[in-house]
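Protein chains in written order, with my numbering: chain A, 1 to 241; chain B, 1 to 282; chain C, 1 to 119.
No lab work stands behind these hints, which were simulated from the structure alone. A few of these clues could be false.
Simulated crosslink set (DSS-like; lysine-lysine; CA at most 30 angstroms straight-line) [stated by the list, open to error]:
(1) K4/C to K32/A
(2) K148/A to K4/B
(3) K4/B to K116/A
(4) K134/A to K158/B
Here are some chain B residues pointing at chain A (derived, C-beta under 7 angstroms) [what the hints assert, rightly or not]:
(5) E93
(6) P101
(7) T104
(8) W105
(9) F117
(10) I274
(11) T277
On a predicted model such as this, the values are computed, not experimentally measured, just so you know. Positions of the beta carbon are idealized from the N, C-alpha and C atoms, including for glycine.
Each chain, letter by letter, is given below.
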Amino acid sequence: MGGPLIQCQDVWKRYGKKEALRGLNLTLESGKIVGLLGPNGSGKTTLIKVLNGLLCPEHGTVLIDGEAPGTYTKSIISYLPDKPYFAGWMKVSDLFDFFGDFYMDFDRERAEQMCKALLIDTSLKMKTLSKGTKEKVQLILVMSRRAKLYLLDEPIAGVDPAARDFILSTILNNYNQDGTVLISTHLISDVERVLDEVVFIQNGQVVRQELVDDIREKEGKSVDELFREVFRTIPYGGGEW
Amino acid sequence: MLAKLIKYDIKSMSRTFIPMWVLTPVIAIMLSLSMRGMVTTSRMTPAESFVVARNGMISMVMGLLFLGVIIGLVVMTIMFIIQRFWNGLLKEEGYLMFTLPVETWELITAKGLSATFVTCISMADAVFACLMLALFSAEVVLNSLARIWNGLMEDLFKAGPVFMFNLVLLIFLVILSVAQSIYHVYAAMALGQLFEGHRVLGSCVSYVGISIAVSVVTNIIASVTSWILPNSWTYDVWYYMNHSAEVMGLVYLLLMILYTVLQIVVYHVVTERILSTKLNLE
Amino acid sequence: MEWKLDDNRPIWIQLQEQLTRKILAGWYHAGEKLPSVRDLATEAGVNPNTMQRALAALDSAGLTVTNRTMGRTVTEDQIILEGMRASLAEGIIEQFFDSAAELGYTKEQAMELLKRRES
């Protein structure tokens, strides 16, 4: 497939009266690590769910590797949601079996090695693991897939700095370099060094899309600074600090 | 992929069900043995009326236990099936299931088939447990059971091929009815998803709503059928049917099977459409 | 190994500068093979494409040589290494004079400070 990996045109998604995505347009190529940046409620999670097929937009086209969300796109997308999603009764090794059964691109050896390196006993049931360990297992499973698109929804929110470093280096070490990683976050300064490109999203629309190097070279700013500029809110009552 | 889904669904259910399936007959045996103990002591008293009264009470208690066993297994099975669908597809685990490279109908069918399978086994287990209950208990119960069994065997030998076929169809119909009840629940849960913020309530309301709709439709069909059949034709059919109860049974069974399958299809389509397009996991 | 990066300037340029210093300081010897792009990127906590760009710049400057069989190695050409060392030193000296000028010293006065310090 030649063209861009992700193509969204005029995508609308409403929840009752609330409009989460309003005529969103986005094009992303392969082989990049992209940051999906925006304040809470801007539509980041909704966009990710539309891309991986968990939500059906009311209007607009969504194409992943040239196809609408369906069985093919799900087979090439590796998704990390912002909450744990595994049945507690399964053992870690059961999960490896599960992923191996349904995903052809799952690299079981890699997953086992990572668990070993972290001293995680794969014969333990998920429900007996601590919250942090559960999150690590989930990350390992997602990054062990040789996917074309990795969708990571807030992977470092609510996590201590050491774990944050671990998560980012796990992503860097394991992602398929022919594919694209889309990281949605509102913690910019922690991830900006890892990003090739950033997409700023606000009120359900893409307001800016830049290469990170362009931001630094042409505007002399960090992505964090640009973010603050773009999303600056006027305090109630008006005026400056 | 469908086979793999079924494999995982059965795997996740058997952890709870296998202990239940093993324990239920065991408990039944233990209960009946203790009943037997009571019966033996009661036989020691000489007065006949006393014994009859005691035996009557035993039968009643046995009957209650019989009921209790069935109800227990049924309730647990229903609750578990609902919970597997609700938690497995409509809660956090849904994030995992709906991002698998499988079609929505495969997810639903896997859950439906494994739930039907498990329910049928539970039903067989309940019957088995009740037999165990009877087997080890008072001779009175055992004798009446033996009599019923012999009667059945005689009838079976006298019966023709149509009767046997009807029996097979009957069993098939029972299994289909189980599937239909399960899909009824699934459709209700899917409809419940449309009530943002009140999903549980929405599901219950939908369940009742569907039940009402189905009985209304059934009544309409029954009335219409009996109304439009022309009299002479009815007479001929009635004459033929009167001469062969088995044929009447056959036709009836086939119609019921058709109707049940129709309901299953409708429920499946409703569930599949809602989960494909209106899904919104929390 | 410490990587001190400033998010306001292009990262690849900073990586190139720091790798250059590491080579000149002897972290990587002449002819030594550098770690893979991926390993370096993970170590520095940056995007592999960014690190690739920095390494390509090192290739252009002649500090490293990329060979199909041997991968990326530090050049053994002493002329290039000395040249780079000299040009970086030039920059440091410039900076010294500029900073001294900011404090109000002329060039001659700044040189006096140096002599006095080293005697």
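Would you pick out the hints that fail for this structure and give their numbers low to high?
Of the numbered hints, 4, 7, 8, 9, 10 do not hold.
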